[in-house]
Amino acid sequence: MILDHHERFQRMIDESLAGAISAEKEHSLREHLATCAPCLEYLRASNRVVAGLSGFSFELTPTLNARVLAALKLRAQQGRAAQPGRRRFMRQHNVRFKVWAAFAVALSMSITGSALVYQVAKLLTVPMHFDTAQVQAGVLLFWLLPSFCAALCLLAAPGENRGIA
Amino acid sequence: MESDTQRIALGLRQRDAAVLETLVEQYQYRLVRYLVSLLGRRDGVDDWLQETWLRVLERGGSYDGHSRFEPWLFRVARNIALDAMRKRPMFSLDSNEEDGVRSSHASGEPSPYVLAARTEDAERLAHSLQTLEPVYREALVLRFQEDLSLQEISVIVGAPVSTVASRIYRGLATLRGQFEGETA
Numbered sequence: 591m592i593l594d595h596h597e598r599f600q601r602m603i604d605e606s607l608a609g610a611i612s613a614e615k616e617h618s619l620r621e622h623l624a625t626c627a628p629c630l631e632y633l634r635a636s637n638r639v640v641a642g643l644s645g646f647s648f649e650l651t652p653t654l655n656a657r658v659l660a661a662l663k664l665r666a667q668q669g670r671a672a673q674p675g676r677r678r679f680m681r682q683h684n685v686r687f688k689v690w691a692a693f694a695v696a697l698s699m700s701i702t703g704s705a706l707v708y709q710v711a712k713l714l715t716v717p718m719h720f721d722t723a724q725v726q727a728g729v730l731l732f733w734l735l736p737s738f739c740a741a742l743c744l745l746a747a748p749g750e751n752r753g754i755a
Numbered sequence: 003m004e005s006d007t008q009r010i011a012l013g014l015r016q017r018d019a020a021v022l023e024t025l026v027e028q029y030q031y032r033l034v035r036y037l038v039s040l041l042g043r044r045d046g047v048d049d050w051l052q053e054t055w056l057r058v059l060e061r062g063g064s065y066d067g068h069s070r071f072e073p074w075l076f077r078v079a080r081n082i083a084l085d086a087m088r089k090r091p092m093f094s095l096d097s098n099e100e101d102g103v104r105s106s107h108a109s110g111e112p113s114p115y116v117l118a119a120r121t122e123d124a125e126r127l128a129h130s131l132q133t134l135e136p137v138y139r140e141a142l143v144l145r146f147q148e149d150l151s152l153q154e155i156s157v158i159v160g161a162p163v164s165t166v167a168s169r170i171y172r173g174l175a176t177l178r179g180q181f182e183g184e185t186a
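For the protein sequence lines, the chains are A and B, in the order given.
The first sequence begins at 591 in the numbering used here and counts up by one.
The second sequence begins at 3 in the numbering used here and counts up by one.
Just so you know, the hints here were simulated from the structure itself, not pulled from any lab data.
Here the structure is a predicted model, which is why all the values come from computation and not from measurement.
Glycine included, C-beta positions come from ideal geometry on N, C-alpha and C.
Careful: at least some of the hints might be erroneous.
To be verified - Some chain B residues close to chain A (C-beta under 8 Å, calculated; not the full set):
| hint | residue |
| --- | --- |
| 1 | E23 |
| 2 | L25 |
| 3 | E27 |
| 4 | Y29 |
| 5 | V38 |
| 6 | A118 |
| 7 | A124 |
| 8 | R126 |
| 9 | L127 |
| 10 | H129 |
| 11 | R178 |
What the hints assert, rightly or not - Think about it this way: if two alpha-carbon atoms lie no more than 20 Å apart in a straight line, the pair counts; the simulated SDA-like pairs of lysine to any residue are:
| hint | chain 1 | residue 1 | chain 2 | residue 2 |
| --- | --- | --- | --- | --- |
| 12 | A | K712 | A | F732 |
| 13 | A | K663 | B | L25 |
| 14 | A | K663 | B | R61 |
| 15 | A | K663 | B | L56 |
| 16 | A | K663 | B | D49 |
Isolated chain A (complex conformation) (with noise of 0.2 Å):
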């Protein structure tokens, strides 16, 4: 689209307007309106447009900032009161927590204490005549397999016999 000379310089009051003007093309502008009429006239005519804009006056509703604020008070409320709620969840999560750090405990221990519990009861294969397969199996049944049940049933216990709850 070719722009003849004014609409050119009409253009730029338009850019001029909506704050999207350069500085060098403002003087250029200003140099221009200072001898174009009808450059002239449309800038004044714009300018009462946007004088014209600014004289509307809307009227509020009386209660209108007393019936948002009353709004924003109660969401507020509802959002505390939801507050509870949410700490709840919390320490229900930091319980699980609890009981799997619990178990994972117990369960190191139970395997540690067996491994010493093995050791021990091999020295003691030789004086009471015992064979290796004899002990791992009184080790298994008789101290690995109820420390690994003890273990597990901090797991499936409820939360109130947990004692951590």
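Please build the complex by placing chain B on the supplied structure of chain A, with the hints as guidance.
Only chain B this time, still in chain A's reference frame:
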């Protein structure tokens, strides 16, 4: 030193009632003016306004305080308006009355612009403003009444700066017809 925007951001993050009350007092009228420009009618605006502030309460933490508060607030209001329009397809920002927008002009209710005109020039603009497509009216209001930059308007409306500029030029061209050929 803490700037105003940072104070607002902090207050919104903490859901500070005093900060919210101040913001409501400060921006209520400007939100009404903006929402009327989107909807083209006055009734229903109060409900949108309440929804806007409730969303400000809920999502206030997303305002970082690094830029002006107004564009963020108007963007929230615009999203509320768009949500409402999607639920009520008779309204659309991108179409005019012929495409189905039921503005107060079409529904026979008095135009909010006619009722709100306080100067002679405003009275002359009222009808043209009412029939102007909402996207042009919105661009004019944000630029000339809210004094926002093209970049800020671009953020609010989610359109390129060049598109925003074109909307302002077209809006001005439509309204300028009311005053052309007259001496001031």
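Checked against the structure, which of the hints given earlier come out wrong?
Violated hints (numbers, rising): 2, 4 and 10; every other hint is consistent with the structure.
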